[in-house]
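Spelled out from the first residue to the last, the chains are:
Protein chains: 2
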Amino acid sequence: MEAATLTFSDLVASGLAAVEARMREATPAENPELDAALDQLLGSRGKRLRPTLVLLSAGLLGADQARTVDLAAAIELLHTATLVHDDLIDGSLLRRGHPTLNARWEGGATVLIGDYLFSRAAELAAATQSLRCMESFAGTLTTIVQGELNQLLGSNSTDLRTAYFERVYAKTGSLFELAAEAPAQIAGTRPATQRKLRDFGRNLGIAFQIVDDVLDFAGQAEEVGKPVASDLRNGLITLPTLCHIEANPSDAEEVDLLLRGELSDQAQGRLITAIRNSGGVAAARAEAEGYVGTCLALLGELPSDRPEHQALGDLAGYVLQRTQ
Amino acid sequence: MEAATLTFSDLVASGLAAVEARMREATPAENPELDAALDQLLGSRGKRLRPTLVLLSAGLLGADQARTVDLAAAIELLHTATLVHDDLIDGSLLRRGHPTLNARWEGGATVLIGDYLFSRAAELAAATQSLRCMESFAGTLTTIVQGELNQLLGSNSTDLRTAYFERVYAKTGSLFELAAEAPAQIAGTRPATQRKLRDFGRNLGIAFQIVDDVLDFAGQAEEVGKPVASDLRNGLITLPTLCHIEANPSDAEEVDLLLRGELSDQAQGRLITAIRNSGGVAAARAEAEGYVGTCLALLGELPSDRPEHQALGDLAGYVLQRTQ
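As they're listed, the protein sequences go chains A and B. Take any residue in the first sequence, count from 1 to its spot, add 931: that is its number in this note's numbering. Take any residue in the second sequence, count from 1 to its spot, add 931: that is its number in this note's numbering.
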């Protein structure tokens, strides 16, 4: 089988080019400043994993190509919009190794550019001409925003592990879930298949986010594009830290101090080294592997007559292998 | 005819109560702080003119009641979301005489609460189960945000009058347009009637915004809920000022200085008094009357067999009469 030897990125290359073009076409700018901001945001070429997942899921089911491209562009613009507001709220100055909008622009413009991307994403979602897809799109936006509010204002979950996985689902799992399921809504696939794709997407998104959090500890600053352990330095507890204190309860107190902003910089450095060198990072990676294992099991129950089946498995493997 | 003696507010009272309940039900809060913010935002009871227009337009056409309530709640939540971000960008500390969210909250939370209202509004719009209505909803959000971006970054229109009416359409005309037209999309009314309602809404919204701008000059601070001539003080040129300098070209230079931030406070006070006392305010009000006249002419071409026909005319009259 020739198709089976294609990597997933070869299989979606022409589709992704159409998605890139659609994103830029759907965001015409009346102001030169807005145009420059959109160039920066849409030209920074992230990994485009969400559009890739949309294209592969749609290909697996034979969904209409034009509506699939609209959907993939909608999801990537929605993702970009949430990053713009997220960076503004965090005060982050770097994203993917490049200055963020709010590093260059005043806050008001950054708020509005995020809003502009939300509205253009909603227009593209409406262009799919699927009510179910529109409903899922709006519901996913609510999940993401509610997750960010919980992160800022505090969630009801006092247990750190529960709070972590709620946040990971809201931040990443929910949009991957949408990316995998919405093509099935467009194609009008039967509900059982829709649910399996939804579960595949959610598990893949959670694995992706865990690996992101692992790379924040294990990666080199130059590769990740931000300082090492930046989450911890910002008082955000991720899975490597959770695994570390579960295995080393004596360090839990230091994490408590960190959460209260009372840990000295020197002690913070010691804690980061301990997490990097202990089994915390490896244990977190093992949990990500578990989520990818669930993806592969679900894939075994999905239609396997198209090359996208193999490519979805390759995509799941890639999520574990990536180093940035 | 008993119904004809009802005022428009009597006719929509029970519908508006359902809309209020729907708005609160559609915005459940997981955090006590979010809950308090939503109480403040949704409990401040603005005039609810947009939901009133939705209910009257739907009543005129016999649109489904439950979907109409979803639509009206979606439009008012969208309006509230834009106000939240708008106040944050302006740094406004008062709205309707009450402290704005950003007067009490940090910027990050205000951004996210606006986003939360956008997403809940989108979910309600999807609940109308009308693709056309969803498309209009998303397109209107784009118009509003693009208008705000033009205001912040500068628009292509160098002519002050053109720029003013573009801004008024984006800020207010477009959402009134949606409020009048979308019920016709839900009801599946024929296109000619949809267009007339759309035009009615747009003209009503423009009249409403002009009166708002007139009241900013002519009203008392206590009634309007913000300082007199706050727009001008913030460097924003509205119709009373435009009419004033069109009739008194010698004052155009002072307005130029104001726009460049080079007019002294004393000279600013003199200019405000001149606009209040000259024919500028009256001329602007006369233009608003012209837009309401267009509304009444359009109403004459719309179905007249229900009490909502009379009530839409009363609503147009109310827009001119209001003092706050």
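Derived from the structure by calculation, the hints contain no laboratory data. Predicted model, so just to flag it, every value in this text is computed and none were measured. A few of these clues could be false.
Which copy is meant is left open, because identical chains are indistinguishable; a pair holds if it fits in one copy or across any two.
Cross-link-like lysine to aspartate or glutamate pairs, in silico, DMTMM-like; alpha carbons within 25 Å at most [as the list claims (entries may be wrong)]:
id, residue 1, residue 2
1, 1102, 961
2, 1102, 964
3, 1102, 966
4, 1102, 1218
Numbers of the earlier hints that this structure fails to satisfy, in rising order: none
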